[in-house]
Amino acid sequence: MSLVFAAIVPHSPLLVPNIGKKNQDLFPATLEACKTIASQLQTSQPDVVMIISNDETKPIHTFAINVSPKFNSDLSAFGDLVTRWQFKGELQLAAQFREKLESEETIKLISNDELHYTASISLSLAGVTETTPILPLITTNSNLKSHFILGHHLQKCILDSEKKIAVIISADLSHRLSKKSPIGYLAKAKKLDQKIITSLISGKTKELLSLPASTLEEAAVEDLGQIAVLLGIVKDFDWPARLLSYESPFGVGHAVIGYNF
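Quick note: the sequence shown uses the numbering used here, first residue 3, plus one each step.
Note that these hints are calculated values from the structure, not bench results. Source: prediction; values computed, not measured. Cβ coordinates follow ideal geometry from the N, Cα and C atoms, glycine included. Some clues are possibly wrong.
[Said to hold, decoys possible] Pair by pair, the computed Cβ-Cβ distance ranges are:
1. G186 <-> E164: 45 to 53 Å
2. L111 <-> K165: 12 to 20 Å
3. P214 <-> Y187: 33 to 41 Å
4. T200 <-> E224: 16 to 24 Å
5. S216 <-> E164: 40 to 48 Å
6. V84 <-> D115: 15 to 23 Å
[As the list claims (entries may be wrong)] Dumping the calculated DSS-like pairs for lysine-lysine here, alpha-carbon to alpha-carbon at most 27 Å:
7. K90 <-> K193
8. K181 <-> K24
9. K102 <-> K197
10. K197 <-> K147
11. K165 <-> K72
12. K102 <-> K165
13. K192 <-> K158
14. K37 <-> K192
15. K206 <-> K237
16. K158 <-> K208
17. K24 <-> K182
18. K72 <-> K166
19. K237 <-> K147
20. K193 <-> K181
21. K182 <-> K192
22. K192 <-> K181
23. K193 <-> K147
24. K192 <-> K147
25. K181 <-> K197
26. K166 <-> K181
27. K193 <-> K182
28. K72 <-> K110
29. K102 <-> K237
30. K72 <-> K37
31. K197 <-> K208
Kindly generate the complete structure, drawing on both the sequences and the hints.
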């Protein structure tokens, strides 16, 4: 079996020392959980880390695999001119996946060596360094079922590979959990986050995939597509998800979830 690790990791810039500074003290459980994820990832010794994220560089209607010999990323958009990351790309596996998916999915190969900060933060929190090649996959604004189907097709690609592959999902939950939320408070947003987490932990995939798009949009849950891809990847595997932490000190839900292989 080629899938050796999977986790959901948040991507708030406040989790990075130069941005978060004293605010990092408000994320004790999240940061501790990320240390656990990093330790588990290191133990799994992957040959490649697939990072699945959603960012503005994506094609609007098409999933994409980003192919580059190396990736650079920073937080200059947030005023941090010090924090920089560099990751090594995985070219051969990207081509193999594209070939295998060609008859099943509309997916493009793109080349952008500037990795979006969301992917970089999640990789950094999971302890991924430039010594381990990464394979970035960018999701779209299509429905959750399409993401789930993509994940199931990816499962076949992963299991056919000779490489040991880890999957990291870069995702936050609702952005409307309190009056500190940047886009305003929604009373029912917390219950929605709880429902998403409960569905993941209990393996109720159909319940999660059936959440209405209007409900997700109202609660500003923008990253459920990535999580749906993961559900497709682990479909039919007896690998229970475990909630390591959930915090929302600034009104945005940050969950760290690992899969026990």
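Hint-by-hint comparison with the structure:
For G186 and E164, the Cβ-Cβ distance of about 49 Å falls inside the hinted range of 45 to 53 Å, so the restraint holds. A C-beta distance of roughly 18 Å is found between L111 and K165, which places it inside the suggested range of 12 to 20 Å. About 20 Å separates the C-beta atoms of P214 and Y187, a value inconsistent with the hinted range of 33 to 41 Å. At about 20 Å, the beta-carbon gap between T200 and E224 stays in the expected band of 16 to 24 Å.
Between S216 and E164, the C-beta spacing of about 43 Å keeps the proposed range 40 to 48 Å intact. Taken as a hint, the range 15 to 23 Å holds for the pair V84 and D115, whose Cβ atoms sit roughly 20 Å apart. A hinted pair counts as satisfied when its Cα atoms are at most 27 Å apart, and K90 with K193 does not qualify at roughly 39 Å. Our distance criterion of 27 Å between C-alpha atoms is met by K181 and K24, whose separation comes to about 20 Å.
The suggested pairing of K102 with K197 is violated, with an alpha-carbon distance near 34 Å, which exceeds 27 Å. With a C-alpha separation of about 18 Å, the suggested pair K197 and K147 falls inside the 27 Å cut-off, and the hint holds. For the given pair, K165 sits about 19 Å from K72 by alpha-carbon distance, which is consistent with the 27 Å threshold. Restraint check: the Cα-Cα separation between K102 and K165 comes to about 15 Å, which is no more than 27 Å; the hinted pair holds.
The straight-line distance between the Cα atoms of K192 and K158 is roughly 35 Å, outside the 27 Å bound, and the hint therefore fails. Taking the CA atoms of K37 and K192, the gap is near 25 Å; set against the 27 Å cutoff, the hint holds. A C-alpha spacing of about 11 Å is found between K206 and K237, which places the hinted pair at or below 27 Å, so the restraint holds. Restraint check for K158 and K208: the C-alpha separation of about 20 Å stays at or below 27 Å, so the hint holds.
With a C-alpha separation of about 17 Å, the suggested pair K24 and K182 falls inside the 27 Å cut-off, and the hint holds. For the proposed pair K72 and K166, the alpha carbon gap of about 20 Å is at most 27 Å, so the pair holds. Taking the CA atoms of K237 and K147, the gap is about 13 Å. The hint holds against a cut of 27 Å. Between K193 and K181, the direct Cα distance comes to roughly 16 Å. Compliance with the 27 Å bound is thereby established for this hinted pair.
Distance restraint check for K182 and K192: the Cα-Cα separation of roughly 13 Å lies within the 27 Å cut-off, and the hinted pair is therefore satisfied. Between the alpha carbons of K192 and K181 the distance comes to roughly 12 Å, so the proposed pair stays at or under 27 Å and holds. Only pairs whose Cα atoms come within 27 Å are accepted, and K193 paired with K147 is accepted, the gap being roughly 22 Å. Simply put, K192 and K147 have alpha-carbon atoms about 23 Å apart, close enough for the 27 Å limit, and the pair holds.
Between K181 and K197, the direct Cα distance comes to roughly 21 Å. Compliance with the 27 Å bound is thereby established for this hinted pair. The straight-line distance between the Cα atoms of K166 and K181 is roughly 43 Å, outside the 27 Å bound, and the hint therefore fails. Distance hint between K193 and K182 is fulfilled; the C-alpha atoms sit about 17 Å from each other, no more than 27 Å. Among the hinted pairs, K72 with K110 is consistent with the structure: their alpha-carbon atoms are about 18 Å apart, no more than 27 Å.
For the given pair, K102 sits about 19 Å from K237 by alpha-carbon distance, which is consistent with the 27 Å threshold. Proposed proximity of K72 and K37 is supported: the alpha carbons are some 25 Å apart, at most 27 Å. Proximity of K197 to K208 is assessed by CA-CA distance (about 12 Å); at most 27 Å being required, the pair is judged to hold.
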